[in-house]
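Given the coordinates of chain A, work out where chain B should sit on it, guided by the hints.
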Amino acid sequence: MTETISMPQPQLAAVAVEKAYRKDKHKVPVLHGIDVEVNKGEFLSIVGQSGSGKSTLMHLFGLLDTPDVGEIYLEGQQIDDLPEHARDQIRNHVFGFIFQFYHLLPELNLLENVLSPLMIRYSTWEYWKKRKQFKQDALAIIDKVGLSHRITHRPSELSGGEMQRAAIARALIAKPQILLADEPTGNLDSNTGKEIMDLLISLNEQEQLTIIMVTHDNLIAAQAHRTVRLREGQIEVLGKSKSASVPA
Amino acid sequence: MYKSLLCLRYLRTRYIALASIISMTLGVATMIVVNSVMDGFSTDMRDRLRGILADVIVETNSLDGEPNTQDLKDRIQRAVGNDIEGMTATVEIYAMLSVQYGSQWQSKPVTLIGIDPATKATVGPLSKYLVNTREESIPDWELSPAAMAYRKEWTTRAQWMVDRWNHNPPPEEDVSQLEKPVKNSAEKPGAKEPLAPPKFDTGPASDSPFDSKPQVAEKSEPLINPFENGGLNQKVFDKEEKRDPGSPLKGRVYIGYGLVSFPYEDHDTGETKMFQIVKPGDDVKISTVTAGRPPEPKHFNATVVDLFKSEMSEHDSSLVFCNLEYLQEMRGMIDPESDEKSITSIQIKLKNPEDAAMVVSKLEEILSASKFRVRTWEDKQGPLLAAVEVESAILNVLLFLIIAVAGFGILAIFFMITLEKTRDIGILKALGASSNGIMSIFLSYGLALGLVGSGVGVVVGLLFVRYINQIEKFITFITGRKVFDQRIYYFPEIATHVEPMMVFWVAFGAMVIAVLASILPARKAARFHPVESLRYE
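Heads up: the sequence lines are chains A and B, in that order. For the first sequence, position 130 matches number 130 in our numbering, and the numbering has no gaps at all. For the second sequence, position 148 matches number 148 in our numbering, and the numbering has no gaps at all.
Since the hints were derived computationally from the structure, they do not count as laboratory data. Built from N, CA and C at the ideal position, the CB exists for glycine as well. You may find that some hints are simply not true.
A partial selection of chain A residues facing chain B, derived with a Cβ cut-off under 8 Å [as the list claims (entries may be wrong)]:
(1) 50
(2) 59
(3) 65
(4) 66
(5) 99
(6) 103
(7) 105
(8) 108
Restricting the straight-line Cα-Cα distance to at most 30 Å, the calculated cross-link-like pairs of lysine-lysine (DSSO-like) are [what the hints assert, rightly or not]:
(9) B/524 / A/25
(10) B/273 / B/108
(11) A/27 / B/73
(12) B/108 / B/152
(13) B/279 / A/23
(14) B/128 / B/473
(15) B/73 / B/273
(16) B/73 / B/298
(17) B/341 / B/362
With the rest of the complex left out, here is chain B:
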């Protein structure tokens, strides 16, 4: 009884000891903040990776792909069917994306992924990341009304420009007349359209100094339509294409936001803004290679249906999703006889993502290693995640050293306190307290300090994590410098994820250190000889 009473009294009357645990409090708080932020980063990244990629990916080693799609799917289904929640076949290929902006063509290497949105939706929540698509809906390749209107507007303008150049700058009154041929061409594409290509071809070449020229070149869609209509099979889009040059091309893509937008700093406000050069409804050029030996270069134009923004700069600036069928067609992956369509990878979503390693090993058994590679999304992003993990491990060690330093502070202060309390220890012994009793006073005092220190630390840490973005904004406001720059970091906000076990272990570790630090002084106190303690005044 006297132990807890004295322990509490010491706690209340000795503020110097509380000072010694401030570093412990700070250490605990920092550890919680760092771990939560690091964990939030990896958790968020994993979520986003999963949304775009899948849990497990089966890839062919050859870019030509695997023709027996159904057979492959069946084999996967038989081997690990019970663990699979969804599966989608895709074609993944390196490509170059060319986008026109102003008078320049900008080209970027991209990973072009042919997907079927309906089955892709069973693998990952793609629509969540599409800028103009509602999250619940399954994305398709249709343009939104706004995009259609925009497309109609610029194609009309482009047609007008083409015609204007062709007719050796017509007077302004002609505009209304020029609109008509466009409409006519929509009604009778066979008659009007074939004329366009040659005119267009000559037009831009001769009028290259025009600022507006590139726009025209990009919007040379009427030129391409007839080519496609004539050169390749006409299936789904043909009717629409013939009716209206403003209708989208057969090739449809979702483009990563980072590919077509650039951050810039507004000189007036100092804010970072994004400048976007492509809108849904625009056309882009894609260059890739065909399947078969040797691969031939292949170019095609495609209409941007939507932009996707996963807030993971790596994906946003490297991925382009394309309609699968069209890509297969362009790459010559459709066998003309059997109508067999090849694919290069199968994305698999698992019921339980933790099973990934097990599924991978099972799939590796049934699929021949010479033809297929089986990987998890973590393998694909392995180095980055590993780097984050190593970083947080090192930080944990360093921060725990801070707490250990706090332990030495407690040790020193406790020696002082035992010296100061020598007489009291003598009194307690004279009153019949045992050495163990004296020792446990100081041990529980250490534990109490540890409890207070780590408890306050936990509260401060959790509050900091809770309001980390507000704090960041406040610091930005005070210093006028952006602390957390979106251009550098992957995500727009600081993501945090508090793991209760982590908090527990940090607090527990701090308390253990506090108790360990108080063992030596407590033993010293317990060994005081009562007579010696009482003698001096």
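In isolation and in its complexed conformation, chain A is listed as follows:
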């Protein structure tokens, strides 16, 4: 089921994507032929019940996983069949990830966590040469997410909201084109969740950052420009309740 098919050259597109996990000999299907497109500057939310395959879809977008069938296109270029090395590069340059459980590295302090995508991108020597510039950038972004007073703290010393803001700062430092957020508010109370959402919305509005957000909360999802609803591995067209045919 395609949605915004009329849009020319979407920034990121999944075409007829299927994915199944293997548990011993049993094949557990997760996605059955999904078509999703995102335009530049769009804030898309993907909603669905637990197990509907929404996280898997996001992983496929972010090249953390490969589809069994179907393709992923980034600005018209197929990216899911690229070699490992190129996929690592794209993850580093194009995507920024935000996870439900923040996923900061516990050994590094906030500043180092924020800088980690740059450390991965550049060789030690290049990083050393540009470290002052990077540090300034990082401090600016940390300031933007409101954590200037916390730069030398370890993740274990931060609250959940602070950790998520740090994760957002880390996702932004690499100047990504697309932000992939997996339940960014899932582990936060409603107030803190709202703060995070406000931050994401402002990023989308001010910097024209494309955001794909996965959530199970309809209220949160409603703050996005557009919502795609997943149900048992298939797209549910908004407003209609279409029963999915579940293949064996």
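Coordinates of chain B only, in the frame set by chain A:
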């Protein structure tokens, strides 16, 4: 960049991993200590062997010796002259040394070596090992003033005893009178001395129960002097001998310290002390055989000039050095017509001791194998040195196994750490880290652990080696038992020698093992699927 940063952070935050390298540290330290001690033992022994023996020794197969000394020397000089630093002719012969102590004669088999100290000094630093001779000086056969005084004292006393017995215990006032004949005899030896032997001979035989008898018998020097003066040619010492019975005999020897001293444990203090029964200035008896067919037994007395102490118990308890000329004379090795003096071996010092094997093969070519044997000092001590080498090789293998065991410890701990870090690995991959990058985090972590482990090991090992004797003393003090017994070991102290290459290879080997042990966990970590790693909380 993230690799080294994370690697350092893991190193700082994961103390359990540091625990896993303690066995590596201990292994490295032990290997360094063992190798240094073993190496120190062989190095020290080689040094001492060289001091007493020489780099290369040419020996005649026959104990009769080789008469054409100069010819032999010339041939050696022509063949390997460029490599030779010094050369000395010696006579080496089996002998029996008899020393009197209390009422007993103690006899020991010895190797008697006739040397010329001046040329011997060019071959090895003999004076270094002589107890009463300064290290820089070239040793000679003259008694030191102290030894002379001691000798004078006991010969006078002996003469007095002889006379006393002869005169059927004289009253005490006679002592002063009895001193006079001794002095007289010194002035007119021809007149007085010949009388002494018969008196002496009867004296001890009849008065054998006397405690002091053996002393007298030993100090029967006046008896021997006339015999020597009359029976053999009178050359160098004759004048002195005639003047003073307290002057030394013509035969002079350096005796190994171990031959004339005995270790005993002091019951009060528990310390091991050495008890010495012969001093420079005393006389000893030497029995050997003459050259020629058939060899005849030959006895002679000799004055001890000095004791030598190489701290190598084997040499100290088997070697006696004698003045070469006298030994040749006693053994009948001087041709009466041509005045040709035979020798049985030539000791050669090389400019470069490593050339020994080459020199030996060259000399074997020019010297007929039926008459001469050419050996290095290592050949002579081969079995012992080989045993030390085998021992250290086995210990090295065993200790390296300890380090290998440490490697398995690292392997196990690393698997745990990769499991613990599954989520972080997923995060890093999501941020764009490559599999190789993840792998190199853990490989360099392994290398860093190896560096720390072997580095600490090297430091501990070197410190231990540096202070090994203090440590030994401390342990002795704590336990009250002697850890390092001089009576068992060759040397008075634990000798150590640190070979930098050995230290390098031990440390390098340990690091290689640490890296090898981290390869498997690192590969496992690199293969984690990012989604799987991130999914579980």
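When the nearest CB of chain B is found for residue 65 of chain A, is that gap smaller than 8 Å?
Nearest chain B Cβ about 5 Å off; hint holds.
Hinted pair residue 27 of chain A and residue 73 of chain B, Cα distance within 30 Å: violated, 95 Å
So if I understand the rule, the pair passes when the alpha-carbon distance is 30 Å or less; does residue 524 of chain B with residue 25 of chain A pass? Holds, because 23 Å separates the two Cα atoms, which is no more than 30 Å.
Assess, step by step, whether the Cα of residue 341 of chain B is no farther than 30 Å from the Cα of residue 362 of chain B, and give holds or violated.
-> At roughly 26 Å apart (the allowed maximum being 30 Å), residue 362 of chain B and residue 341 of chain B satisfy the hint.
Worksheet item: With 8 Å as the cut and Cβ atoms as the points, is residue 108 of chain A at the interface with chain B?
Response: holds, 7 Å
Exercise for review: Answer holds if the nearest beta-carbon of chain B is closer than 8 Å to that of residue 103 of chain A; otherwise answer violated.
Suggested key: holds, 5 Å
Residue 128 of chain B paired with residue 473 of chain B [C-alpha distance capped at 30 Å]: holds, 27 Å
Query - residue 273 of chain B paired with residue 108 of chain B [C-alpha distance capped at 30 Å] - result: Since the Cα atoms of residue 273 of chain B and residue 108 of chain B sit roughly 21 Å apart, the hinted pair holds (cutoff 30 Å).
Can we keep the residue 99 of chain A interface hint, with Cβ of chain B closer than 8 Å?
holds, 7 Å
- [ ] Answer holds if the nearest beta-carbon of chain B is closer than 8 Å to that of residue 59 of chain A; otherwise answer violated.
- [x] Holds, because the Cβ-Cβ distance from residue 59 of chain A to chain B comes to roughly 5 Å (cut-off 8 Å).
Report task. Would you settle whether the hint for residue 66 of chain A is holds or violated, based on the nearest Cβ-Cβ distance to chain B being less than 8 Å? Result -> violated, 10 Å
Quiz item: Quick one, are residue 73 of chain B and residue 273 of chain B close enough, alpha carbons at most 30 Å?
Solution: violated, 45 Å
Of the numbered hints given earlier, the model fails hints 1, 4, 11, 13 and 15; all others are met.
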